[in-house]
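Chains as they are written, first to last, in full-length UniProt numbering: chain Z, 1 to 290; chain B, 1 to 472.
It cannot be assumed that every hint is accurate.
Straight-line C-alpha distance at most 20 Å; calculated DMTMM-like pairs for lysine to aspartate or glutamate [unchecked claim]:
| # | chain 1 | residue 1 | chain 2 | residue 2 |
| --- | --- | --- | --- | --- |
| 1 | B | 277 | Z | 97 |
| 2 | B | 247 | B | 193 |
| 3 | B | 281 | Z | 152 |
| 4 | B | 292 | Z | 97 |
| 5 | Z | 50 | B | 289 |
| 6 | Z | 125 | B | 289 |
Note that these hints are calculated values from the structure, not bench results.
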Amino acid sequence: MTIKRFSIPWMLILFLFPSVVCFLLFKYYPLLHMIYISLFDYSIVNPPGKFAGLTNYTGILTSATFWEAVSNTFVFFVLYLVLTFWVPVIQALLLSEIRKGNALFRFLYQLPTIMPMVAGVLIWKWMYNPDFGLLNYWLSFVGLGPYLWLNDLDITKLAIVLPSLFAGSGISLLLYYSAIRSVPTEILEAAKVDGAGPWKRMWTMLLPNIKFIIIIQFVTFMSGVLLAYDNIYVMTQGGPAGSTTVVSMLIVNTAFQQSRFGVSAAMSAFMFLVIALLTIIQNKISSVKD
Amino acid sequence: MVKRSWQTTSLMALVTAVLVVMTACSGNNGGNGTGGNASSEPSNSPSGEPTEQASEAPETVEIVVWDKPHADDANKALREKQFADFESKYPHIKVNHMEQTKEKEREQFMTAVAGGEQPDAYFTAYPDMETYIAEGIAADITELWNGHPDKGNFLPSSLDAGTADGKIYGVPSSMYVTALMYNKQMFADAGLDPAVALKDWNSFGEAAQKLTDPAKNQYGYAILGMDWADWFFEYYVWQAGGDLTEKQADGTAKLTFTSDATVQALQYYKDLKWKYKATQKNVVQSLDDNQKDFYTGRSASTVAASDWFGTMVTKGMDIANIGFAPLPAGPSGTSPAQVGGNYWIINPKASVEKQEAAFTYAMYFSSKEVMEEGLQFNKDNGIFPNLLTVRTDIDMSQFVEGMPTDLVEGVRNAAKEPHLEYFLKSRLSPYIVKPIQTVLLDEKAEPAAILQAAQELAQKEVIDPYNSEIQK
Numbered sequence: 001m002t003i004k005r006f007s008i009p010w011m012l013i014l015f016l017f018p019s020v021v022c023f024l025l026f027k028y029y030p031l032l033h034m035i036y037i038s039l040f041d042y043s044i045v046n047p048p049g050k051f052a053g054l055t056n057y058t059g060i061l062t063s064a065t066f067w068e069a070v071s072n073t074f075v076f077f078v079l080y081l082v083l084t085f086w087v088p089v090i091q092a093l094l095l096s097e098i099r100k101g102n103a104l105f106r107f108l109y110q111l112p113t114i115m116p117m118v119a120g121v122l123i124w125k126w127m128y129n130p131d132f133g134l135l136n137y138w139l140s141f142v143g144l145g146p147y148l149w150l151n152d153l154d155i156t157k158l159a160i161v162l163p164s165l166f167a168g169s170g171i172s173l174l175l176y177y178s179a180i181r182s183v184p185t186e187i188l189e190a191a192k193v194d195g196a197g198p199w200k201r202m203w204t205m206l207l208p209n210i211k212f213i214i215i216i217q218f219v220t221f222m223s224g225v226l227l228a229y230d231n232i233y234v235m236t237q238g239g240p241a242g243s244t245t246v247v248s249m250l251i252v253n254t255a256f257q258q259s260r261f262g263v264s265a266a267m268s269a270f271m272f273l274v275i276a277l278l279t280i281i282q283n284k285i286s287s288v289k290d
Numbered sequence: 001m002v003k004r005s006w007q008t009t010s011l012m013a014l015v016t017a018v019l020v021v022m023t024a025c026s027g028n029n030g031g032n033g034t035g036g037n038a039s040s041e042p043s044n045s046p047s048g049e050p051t052e053q054a055s056e057a058p059e060t061v062e063i064v065v066w067d068k069p070h071a072d073d074a075n076k077a078l079r080e081k082q083f084a085d086f087e088s089k090y091p092h093i094k095v096n097h098m099e100q101t102k103e104k105e106r107e108q109f110m111t112a113v114a115g116g117e118q119p120d121a122y123f124t125a126y127p128d129m130e131t132y133i134a135e136g137i138a139a140d141i142t143e144l145w146n147g148h149p150d151k152g153n154f155l156p157s158s159l160d161a162g163t164a165d166g167k168i169y170g171v172p173s174s175m176y177v178t179a180l181m182y183n184k185q186m187f188a189d190a191g192l193d194p195a196v197a198l199k200d201w202n203s204f205g206e207a208a209q210k211l212t213d214p215a216k217n218q219y220g221y222a223i224l225g226m227d228w229a230d231w232f233f234e235y236y237v238w239q240a241g242g243d244l245t246e247k248q249a250d251g252t253a254k255l256t257f258t259s260d261a262t263v264q265a266l267q268y269y270k271d272l273k274w275k276y277k278a279t280q281k282n283v284v285q286s287l288d289d290n291q292k293d294f295y296t297g298r299s300a301s302t303v304a305a306s307d308w309f310g311t312m313v314t315k316g317m318d319i320a321n322i323g324f325a326p327l328p329a330g331p332s333g334t335s336p337a338q339v340g341g342n343y344w345i346i347n348p349k350a351s352v353e354k355q356e357a358a359f360t361y362a363m364y365f366s367s368k369e370v371m372e373e374g375l376q377f378n379k380d381n382g383i384f385p386n387l388l389t390v391r392t393d394i395d396m397s398q399f400v401e402g403m404p405t406d407l408v409e410g411v412r413n414a415a416k417e418p419h420l421e422y423f424l425k426s427r428l429s430p431y432i433v434k435p436i437q438t439v440l441l442d443e444k445a446e447p448a449a450i451l452q453a454a455q456e457l458a459q460k461e462v463i464d465p466y467n468s469e470i471q472k
């Protein structure tokens with residue numbers, strides 16, 4: 001009988017150490033500190049202030065303003081999901097069929113991603129201008145408009161999401177495209193020989209093979225949309241009439257405009273739980289299907 | 001004998017050690033961690049002026065001030081000269097001037113406070129004082145102020161927004177008054193006499209309608225409907241004889257969103273947009289865009305502050321074409337103007353020495369000598385000065401030479417009925433902005449009904465918790 005000698009994998013520890021320390025310091029410490037802050041009527045001058053227990057949580061759960069922001073956040077989520085999430089998947093599938101000029105198309109799809117997001121949003125904001133905006137001008141040629149894109153309570157959310165439909169898919173597209181390219185061409189060719197059309201090949205061969213990327217992308221997409229701030233702030237600052245105030249914006253306003261850091265932290269903790277819960281549910285569903 | 005001597009020696013050594021430690025602890029003049037209140041006994045003269053009789057040079061104190069001018073600041077050269085002057089006058093105070101971002105200043109400042117990096121002296125606006133005092137971000141400088149020989153040269157009203165419960169928390173730096181800024185040429189072209197057109201709400205609504213011409217992409221009144229909409233809207237509530245909140249004697253707050261005055265004011269906002277059709281299409285556009293519309297001749301009038309003339313002229317407007325008058329009187333027959341401005345606040349957690357140095361710095365920049373230097377600089381460079389000053393000993397007539405007399409008169413008239421912003425603004429702002437934006441965007445919105453809903457919500461989410469906290 002040989003006794004396996006226990007050895008410490010120093011090299012492994014050495015390589016992991018910096019990233020683990022950074023992760024603990026910059027991810028877990030702020031997260032735990034946020035939960036800590038949420039239990040106080042937090043004073044930034046004399047922290048932590050008065051212990052509040054769960055008062056901040058009960059306060060937000062009974063606040064109509066908070067639930068309106070939650071509702072706005074989920075409406076944005078649905079709009080982004082319906083209007084934008086599937087776009088790079090389709091683009092990647094179509095791109096994989098293109099042989100000539102493939103590199104050029106990939107380059108063209110990537111090009112908008114090098115533009116800073118805020119600059120892109122500002123250009124769209126000018127395009128939406130009701131007096132001088134290009135969008136109303138173009139729409140007038142087909143007899144539509146003028147629309148008050150960012151002044152109309154019914155269409156402001158749509159106006160915020162619209163730019164992502166046209167120029168928000170660069171990196172996702174590359175990931176999907178790479179996954180599609182990893183599907184062995186022999187299998188696809190064999191399916192073709194067996195009479196499987198493009199539609200059938202897509203549903204039965206390509207999509208199942210890129211499913212894992214779609215799931216990862218969905219988790220990233222979900223947290224990104226549920227915590228969206230910059231583009232909405234630049235476009236509307238949460239207005240008009242609070243119709244685009246999302247939870248992340250309410251968190252910032254509550255902390256920095258009203259100095260209610262404890263309440264703001266409770267909102268952050270709430271959103272953390274919601275996103276964690278949705279991610280777990282989504283992973284469960286995926287593993288059941290597998 | 002030997003034993004006793006040993007005990008005595010030990011006791012003496014212990015007492016000596018304790019005394020040494022106590023001396024070391026109490027003798028910390030270095031400037032770290034004493035914190036607390038700026039009202040502690042100053043080490044120099046109460047004014048912060050260097051003491052001539054001092055036999056030794058005062059210890060150097062280093063302070064951080066967020067006042068470094070931006071690269072494109074028109075006053076950059078002047079400011080840098082003034083920094084150098086301060087350093088030569090007070091060589092024992094070393095100032096680290098830090099530059100702040102141009103936007104989101106409040107967020108940047110609050111982040112610094114939360115991170116324990118609050119600057120020793122900070123330049124802040126009137127509306128933030130309420131929060132900063134309540135949160136303990138501004139030091140109580142009552143004793144330093146009262147001991148300063150220059151305190152009698154400040155307007156008593158300049159201290160109002162920086163005073164709470166009889167204690168002073170800010171050194172007044174600047175003041176402005178708001179009024180209606182109008183384009184004289186556009187009024188003349190429309191055959192309007194400003195004195196008649198700006199008389200009351202009705203006459204102004206009709207004039208603004210007349211000044212609106214979609215064919216020329218021109219409109220009568222640039223209304224503020226963005227997320228700061230309550231800033232100018234409150235003036236209309238004052239004109240109707242009310243206010244948005246009332247501070248009770250016990251410190252609690254009472255909402256008056258549903259008062260006749262507020263409902264009338266909101267109805268008037270609605271009328272300007274839907275009845276007179278006298279505003280811009282994009283009613284939620286930014287304040288910068290409102291200014292731009294005015295100086296480019298798109299809008300004939302807008303609410304403006306008395307320190308905006310420089311901006312308008314820099315952007316190409318002829319100063320002779322700018323009119324400035326009190327806002328049209330509302331149903332109460334009055335037209336109060338909002339008084340705003342800036343204070344220097346001091347870090348309450350800084351050491352006493354740093355607080356004194358920061359106070360000296362603030363008082364220096366609010367002194368007659370420095371303010372007059374700034375006014376002279378503006379005059380020499382053709383910049384229209386802010387005609388309001390926090391000081392009583394500055395003769396503004398020296399610095400307005402060559403400026404249109406009607407403009408000077410307009411500012412003076414506007415300042416006749418000064419008013420501070422409504423109580424608890426920082427917390428209530430989103431609750432009142434929503435009804436304002438709703439009436440500007442929805443023609444069918446009923447002011448009374450939406451104000452009622454806003455009041456109920458604000459009562460539950462802001463006022464009830466606030467009042468119960470105050471009453472504890």
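(message) Under the constraints set out in the numbered hints, which ones does this structure not fulfil?
(response) 1, 2, 4 and 5
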